[in-house]
Amino acid sequence: MEIAARQLADTVIATPAGRIDHQSAKQFEAALLPLVADCAARHGSLVIDFSGIDYISSVGLRVLMVAARQMREQQARLVVAALQGVVAEIFAISRFDRVLTVTKTLDDALALCSPAALAQHRSTGAASAT
Amino acid sequence: MMRVRFWGTRGSLPVALTAVDVRAKLLATLRAARGRAQASESDLEAVLAGLPFAVAGTYGGHTSCVQLETGSGDYVVCDMGSGLRPFGQAAMAARNGAAQTFHIFVSHLHWDHIMGLPFFVPAFVPGNRVVFYGGHAGLEAALRRQQDQPSFPVDFSIFGASMDFVHLEPGRPIDVAGVRVTSMLQRHGGDSYGYRFEGAGGVVVYSTDSEHPLAQPEHTDRFVSFFHGADVVIFDAMYSLADAVSVKADWGHSSNIVGVELCQMAGVRELCLFHHEPVFDDAAIDAVLAETRRLEEITRVAAPLRVSAAFDGMEIEL
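Protein sequence lines, in the order shown, are assigned to chains B and S. Here my numbering is used: position 42 in the first sequence is 42, and no number is missing along the way. Here my numbering is used: position 61 in the second sequence is 61, and no number is missing along the way.
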């Protein structure tokens, strides 16, 4: 699994896609943790945009817990944004929505992490819309 | 035909309903029956039938004790939590003066899984036979120690039944009371053992006090094999997944999420949530059951997996 990543101000937006199941969780971990290490070292924020994820298993959720712990240890912030139908339910049933910072939209996540990143995101979006 | 009967389903510590709990149930029932004061008995039964289990019933508070009826004249039991006491009373009531044999499979030696033995009346009856099976070398010593002074007033020698101990090697099956029993080492403080019972028309797996390290695929594969094709898996679902991998990591327990995943991968027919968190009231366990059923529904890839939550007195017929 590859994770697209882009930097906005002091915030990295990671965008995985597809299913994070027992088979792909290792790849998810291998792709995500370097981004985590980089953001944590810079005390920046990492937003994981989950809008393209349609399933996550317990093994995938564990990767998020590891990532959140590593970010917390460096006083850096991790936010999971834009959970879709089934995945939102899995977060609620597993109670991960109570131990991770979860926002409804990507904009909400950026607003939480960095007004500069949000402004850049909005201007990019406006530019691409024109 | 095999039947599973639950005598104790609570984790860690026995619990009991309080007066406040009973009053809340009564109030909810009276509200549901409001306006039906002159109703017939069948109407009142219908009111009760419409109430959630958390109102009309209770999951109970005894710690782990599960009986398997295998069609043999002998009794087969998993663990000796406080549920062993009412089980023993029922066995005494069914006795008819004949000697009885009890085969007790012990998951591990933590207190909540052995605390019922000092109150197990059939063990006091000369002529009866109690056989303890387990993978812990210290099984007999642990049972003797809990009855030593100052923990208990009478020591192990008070028992009139013959008391035998059988050490089990994981993966090496034995035949007992019409079923083939295979044990498996599980991850828990001081180790625990799960048991797979095959025969008598079905397969039942008893897997409690078992933590599942999610980062180890070989561990998952072992459990999928152990659960494979079972009619019922009695599964330690004490914590939420979030707790099990964070603040309660290494506490030796598992979650409903992992239970659903393992049972789906293993083609199990029924997942039975077990070893309920003692701080959960009936409504909380009802909610966990409803959520687990929903999880099964939204993640189903093959045949449906039935999901139940064990309560003291529940029976599952295979």
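Any given hint might turn out to be false.
Each computed DSS-like pair below joins lysine-lysine, with the alpha-carbon atoms no more than 30 Å apart [claimed, not checked]: (1) Lys248/S / Lys104/B; (2) Lys26/B / Lys104/B; (3) Lys26/B / Lys248/S.
These aren't lab readings, by the way, just hints derived from the structure by calculation.
Q) Looking back at the numbered hints, which does the structure fail to meet, lowest number first? A) When the structure is compared with the hints, none of them turns out to be violated.
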